[in-house]
Amino acid sequence: MGVEARKPPPQLALKLRRALGGKAGWNGVAVQLVFGAILAWIAYEIISNARTNLETQHIAAGFGFLKNSASFDVNQTLISYSGSDTYFRVFVVGILNTLLVSVVGIFFATVIGFVVALCRLSPNWLVSRVGGLYVEAIRNLPLLFQILFWYLAVLAALPAPRQSVSIFSAFFLNNRGVIVPSPLAQPGLVPFLAMLALGLVASLALRSYARRALFAQGRAIRIWPYVLTLLVGLPLVTMLVFGLPITFEFPQLKGFNFAGGARIIPELVALTVGLSTYTAAFIAEIVRAGILSVHKGQMEAGSSLGLSRGATLRLIVVPQAMRVIVPPLTNQYLNLTKNSSLAVAIGYPDLVSVFAGTALSQTGQAIEIIAMTMGVYLLTSLVTSAIMSVYGWRISRSLGA
Amino acid sequence: MSDLAASSFVRQDLVAERPAPVKTTGFVGFVRTRLLNSPTNILLTVLGLLLVWYTVIPTIKFLLVDAVWSGKDRTACLAENAGRPVGACWPFIQAKFTQLFYGFYPEVERWRVNLTFALGAVLLLPLLIPRLPAKGVNAGLFFFAFPAVAFFLLHGGGITGFGVSWVASLLQLFADSISGAGELLIGLSKTSAAGPLLWAIGSIIALVGTLLHWVIFPLTWLRDQMLAAGQGPWLDFAITAVIVSVILFVLGGGTRAGSRPLIASLATFAGMAAVIKLMGLDRGGLPIVDTRLWGGLLVTLVIAITGIVASLPIGVALALGRRSTIPLIRIFSITYIEFWRGVPLITVLFFATYMLPLFLPGNFTVDGLVRALIGVSLFTGAYQAENLRGGLAAVPRGQGEAASALGLSWWKTTSLIVLPQALRHVIPAIVNSFISLFKDTSLVSIVALFDLLGSLRASFADPVWTTPSTAFTGFAFIGIIYFIFCFGMSRYSLFVEHRLNAHRRN
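Going line by line, the protein sequences match chains A and B. Those letters in the first sequence? Residues 1 to 401, by the working numbering. Those letters in the second sequence? Residues 1 to 506, by the working numbering.
These are calculated hints, taken from the structure and not from any lab test. Be a bit skeptical, because a hint or two may be false.
Said to hold, decoys possible - Listed below are the simulated DSSO-like cross-link pairs for lysine-lysine, each with C-alpha atoms no more than 30 Å apart in a straight line: (1) K135/B with K412/B; (2) K23/A with K412/B; (3) K61/B with K412/B; (4) K296/A with K23/B; (5) K439/B with K135/B; (6) K7/A with K23/A; (7) K61/B with K72/B; (8) K23/B with K15/A; (9) K135/B with K277/B.
Unchecked claim - Distance windows between CB atoms, simulated: (10) P396/B with T229/A: 32 to 38 Å; (11) I395/A with E497/B: 37 to 43 Å; (12) Q298/A with F30/B: 27 to 33 Å; (13) P58/B with Q163/A: 32 to 38 Å; (14) I201/B with A5/A: 47 to 53 Å; (15) P58/B with R314/A: 38 to 44 Å; (16) A157/A with G368/B: 47 to 53 Å; (17) G64/A with P361/B: 24 to 30 Å; (18) L214/A with T33/B: 37 to 43 Å; (19) L188/B with M322/A: 55 to 61 Å.
Everything numeric in this text was worked out from a predicted model, so none of it was measured. Heads up, the beta-carbon is just placed ideally off N, CA and C, and yes, glycines get one too.
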C-alpha cells in the first residue's frame with residue numbers, strides 16, 4: 001500500500017568519473033595523464049642515462065655479483081664467515097650485526113628511558129632536575145657527535161690492555177674493547193632450557209585460567225606461589241639433577257693481552273652506548289607524556305574504590321598510559337634501528353658499513369647494493385607500521401566499545 | 001532547663017597554644033618539602049647529589065679550572081710540562097678555529113662568508129619576531145632572494161644569460177630527450193617482436209619532439225641572437241622582465257585589478273637588477289671558490305638552511321598531494337613519503353653520492369655538496385609533508401567549504417584559506433624537524449664532506465696537537481656550538497607553541 005522507496009539512480013558515469021579523477025572529475029584525469037607522462041619521461045631519462053653510464057664504466061648490471069667471492073674480512077660476525085665467502089653472505093652478516101646492535105640498544109634504551117622518565121616525574125626536585133638536564137643535553141646534540149665522542153674520546157682514553165680497568169676481576173675495560181667472561185655450554189643446558197620453557201608455558205596457562213576464573217565467576221585465585229615454583233623451582237631442580245647449564249670462562253691477563261673470555265669490540269660498545277643513551281632521552285619524554293596524559297581523577301577514583309596505590313598504578317594508570325606510550329615508543333625503536341646505520345662512521349660492521357660501504361666500493365654495483373640496503377630498512381619499517389596500525393585499530397575499537 | 005545546661009559542655013579555659021605549622025615556603029621549606037620529606041626522598045636526594053658531584057664538578061673543572069689557555073703546540077697541554085693535572089686544551093681550538101668555521105675557504109675571501117651570515121641573520125631575525133610587520137616581504141626575501149644571493153656570494157661566478165636563455169635551454173633539453181626516446185623506440189622496433197606497435201608509438205613520440213622543437217623555436221632563436229650579439233645578460237634580463245610582468249598583469253586581472261601586481265613585479269625585477277649590478281654578476285662576479293674548499297660551520301649551516309628552504313615547498317606539495325582525491329597523485333605522494341621515511345638518512349646520502357651521478361647524463365657532473373643537498377632536501381621534504389598533513393587535518397572542513405561557497409577556486413581556497421591556518425598550527429612541529437635536520441647535517445661527514453663534525457675529526461689527525469685532552473676539548477667546543485643552535489630552536493618552538501595556544505590558557 002505504501003509507495004516503495006525508489007532505488008537511487010546508478011549514476012555510473014559519475015562513479016566512473018570519481019574513480020578515475022577524484023573530485024576533480026575529467027580535469028583530474030587530464031592532470032593525471034600529464035603527471036604520468038612526466039613520471040614516465042623521468043623514468044626513461046634515468047634508465048637510459050644509467051644504462052649509458054654503466055656501459056662506459058664497464059659495470060654489468062644485475063645481481064650476479066652476489067655469487068662472487070667477497071675477499072675481505074669482517075671483524076665481528078655472528079655466523080661463520082671468511083674472505084672466500086660470497087657477497088650474499090656479507091649481506092647476511094651485515095643484517096645480523098645490525099640486528100644485534102639494535103636489539104641490545106633497544107633493551108638498554110628502554111631501561112634507561114623508563115628510569116629517566118621516573119626521575120623526571122619524581123617529586124624530588126633535585127632528581128627531576130637531573131633527569132631534565134639529561135634529556136636536554138642529550139636531545140640537543142647530534143647522535144653522530146655522541147657516537148664519535150664515545151668512540152674517539154672516551155673509549156680511546158681507556159688504558160692499554162695491560163692496565164685494564166677491572167670490574168670484579170671479571171670484566172675488563174681497555175682501549176681494545178670490553179673483555180667479558182665467555183659462557184660455555186655444558187651438558188645440562190638442554191634440559192635446563194627445556195624445563196624453563198615448560199615452566200613459562202605452564203605459568204602462562206595458569207595465568208589465563210586464573211583470569212578467566214576471575215572474570216567469569218568472580219573467583220580470585222592466588223597463583224604466584226605456583227608460578228614461582230614453576231619458573232624458579234623447576235629449573236633449579238633440573239640444575240641439581242643434570243649439573244650446571246653454563247659455566248663461565250674468566251679472562252686472564254697473559255703477556256700483553258687477555259686469554260679466555262670474549263672480547264666485545266669497542267665499535268659495538270661505542271655504538272650501543274651512543275644509541276641507547278640518545279634514544280633513552282626520547283623514550284623518557286614519551287613515557288613522561290604518557291603517564292601525565294592519564295588524568296589525576298583516575299588515580300583518585302582508584303583509591304576511592306579501595307585499591308592500593310600499587311594496584312591503582314598497575315590496573316588503572318599503566319594500561320591507560322601504555323595506549324599513549326606504545327605507538328611513539330615503537331617509532332623510537334624503529335628510529336634506533338635506522339640510526340644504527342651510523343655504525344659506518346666508526347667502522348662497526350653493520351649492513352651499511354660492510355655492504356653499502358666495503359662491498360659497494362669493491363664491486364661498484366651502486367644501484368643494486370643501495371637498493372638492497374634501502375629495501376631491508378624499508379621492509380622493517382613498513383612491517384612495523386603495519387603492526388602498529390593493527391594495534392591502533394584494536395585500541396580505537398576498545399575505546400569505542 | 002538547668003538539665004540541659006548541665007549536660008552541655010562549655011570550656012572554661014583557653015586552648016593551649018599549638019606550635020606554628022611546619023614552614024613550607026622559603027628556602028628551608030622548599031628543602032624540607034621537595035628534598036627531604038620522606039626517607040626515600042632523602043635517599044634520592046643523596047644519590048642525586050652524588051651524581052652531580054661526580055659529573056658536573058669534574059666537567060667544570062676540566063673546562064675551566066684545569067684548562068690550559070695559551071700555548072703554541074701540544075707541549076703546552078701536556079701534564080708533565082704544565083706541572084699540574086691538565087684539563088681542556090683551548091689553544092688547540094684557537095689554532096683550529098678557522099678550520100672549524102670556514103674549512104679551507106681562502107683567507108682573503110672569508111669576508112664573503114661573514115657577509116652571507118650577517119645578511120642571513122638580518123633577514124631571519126625580524127622573521128622570527130612575531131610583532132614586526134611586513135612578514136610577506138621578509139619571508140620572500142629570506143626564502144627566495146637570500147639563497148640566490150648567498151649562492152653567488154659563497155660560490156662566486158657570474159651569469160651570461162637570464163630567464164629567456166635558461167628557459168630556452170631547458171626546453172631544448174626536454175625536446176631533445178623526447179626526440180631521442182622516439183628514435184630509440186623506432187630503432188628497437190626493427191628487432192622486436194611487437195615491431196609495428198613500437199614503431200607507431202616511437203613515431204608519435206618523435207613527432208611530439210619535433211613539434212616541441214618548432215614551438216620553442218622563437219625562444220631558442222632569441223637566445224642565439226642574444227648570444228651572438230654578446231651584450232651580456234642585460235638584454236635578456238629586460239626581455240624577461242617585460243614578458244613576466246605582462247603575464248602577471250594579464251593573469252592578475254589586467255586593468256581591473258589595478259596596477260599593484262605590475263608594480264610589485266617591476267619592483268622585484270628592479271631589485272634583481274640592483275643585486276646583479278652590485279655584485280657584478282654581468283661581468284663574471286666574484287672569484288669562484290670550489291665547494292671542496294668549504295668546510296666547518298659554513299657547510300653545516302649551508303646544508304641546514306638549504307634543507308630548511310627546499311624541504312618546505314616539497315613538503316607542502318606532498319602533503320596536498322596526499323590529501324588530493326586524484327588517484328595517481330595521491331598514490332605517488334604516499335609512496336614517496338613512506339619510502340623516504342622508511343630509510344635511514346645515511347642510505348639516502350649514499351644514494352645521492354653513488355647512485356645519483358649514474359642517473360644523470362654522462363657530461364653532467366654534480367658537485368659533492370649539491371648531491372648531499374639534494375639527498376637532504378628529498379629526505380626532509382617527506383618528514384615536512386607528514387608534519388603539514390597534521391596541520392591540514394586540523395583545519396576544520398567548514399573553512400574549505402565556506403571558501404568554495406564564496407566561489408573561490410581550489411588554488412585560492414588552498415593558498416588563501418587552508419594553508420595559512422594549517423601552517424600556523426604546525427610551526428612547532430616544523431621547527432622540531434628543523435632541529436633534527438640541523439643535527440642530521442653531521443651525517444654528511446660520512447660522505448666525505450667536511451662539516452663541523454667532519455672538520456673536527458680531521459683536525460684530530462694533526463700530530464702537532466695530539467694530547468690526551470685534545471679529543472675532549474674538541475668535542476666540548478663543537479658540542480657547545482651544536483647545543484646553542486638546537487637549544488635556541490627548541491626554545492623558539494616552545495615560545496611559538498605558547499603563543500599559538502594563548503586562547504587555551506586560563
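Against the structure, the hints:
Taking the CA atoms of K135/B and K412/B, the gap is about 20 Å. The hint holds against a cut of 30 Å. A threshold of 30 Å between alpha carbons decides the hint, and for K23/A with K412/B the separation of about 17 Å falls inside it, so the pair holds. For a cut-off of 30 Å, the pair hint linking K61/B to K412/B is broken: about 61 Å separates their Cα positions. Distance check on the hinted pair: K296/A and K23/B sit about 27 Å apart at the alpha-carbon level, within 30 Å; holds.
For the hint linking K439/B to K135/B, the alpha-carbon distance of about 27 Å falls within 30 Å, and the restraint holds. Taking the CA atoms of K7/A and K23/A, the gap is about 24 Å. The hint holds against a cut of 30 Å. In summary, the hint linking K61/B to K72/B is supported, as the alpha carbons are separated by about 22 Å, within the 30 Å threshold. For the given pair, K23/B sits about 75 Å from K15/A by alpha-carbon distance, which is inconsistent with the 30 Å threshold.
Distance hint between K135/B and K277/B is fulfilled; the C-alpha atoms sit about 27 Å from each other, no more than 30 Å. In this structure, P396/B and T229/A break the distance hint of 32 to 38 Å, their C-beta atoms being roughly 60 Å apart. A C-beta distance of roughly 26 Å is found between I395/A and E497/B, which places it outside the suggested range of 37 to 43 Å. In this structure, Q298/A and F30/B meet the distance hint of 27 to 33 Å, their C-beta atoms being roughly 29 Å apart.
A hinted range of 32 to 38 Å for the beta carbons of P58/B and Q163/A is inconsistent with their spacing of about 21 Å. For I201/B and A5/A, the Cβ-Cβ distance of about 51 Å falls inside the hinted range of 47 to 53 Å, so the restraint holds. The hint said 38 to 44 Å for the Cβ distance between P58/B and R314/A, and at roughly 40 Å that hint holds. With their beta carbons about 33 Å apart, A157/A and G368/B fall outside the hinted range of 47 to 53 Å.
Under the hint 24 to 30 Å, the C-beta atoms of G64/A and P361/B, about 27 Å apart, fit the expected range. Checking the proposed 37 to 43 Å range against L214/A and T33/B shows it holds: the Cβ atoms sit about 41 Å from each other. Judged by the Cβ atoms, the range 55 to 61 Å given for L188/B and M322/A holds: they are separated by roughly 59 Å.
Of the numbered hints listed earlier, those contradicted by the structure are 3, 8, 10, 11, 13 and 16.
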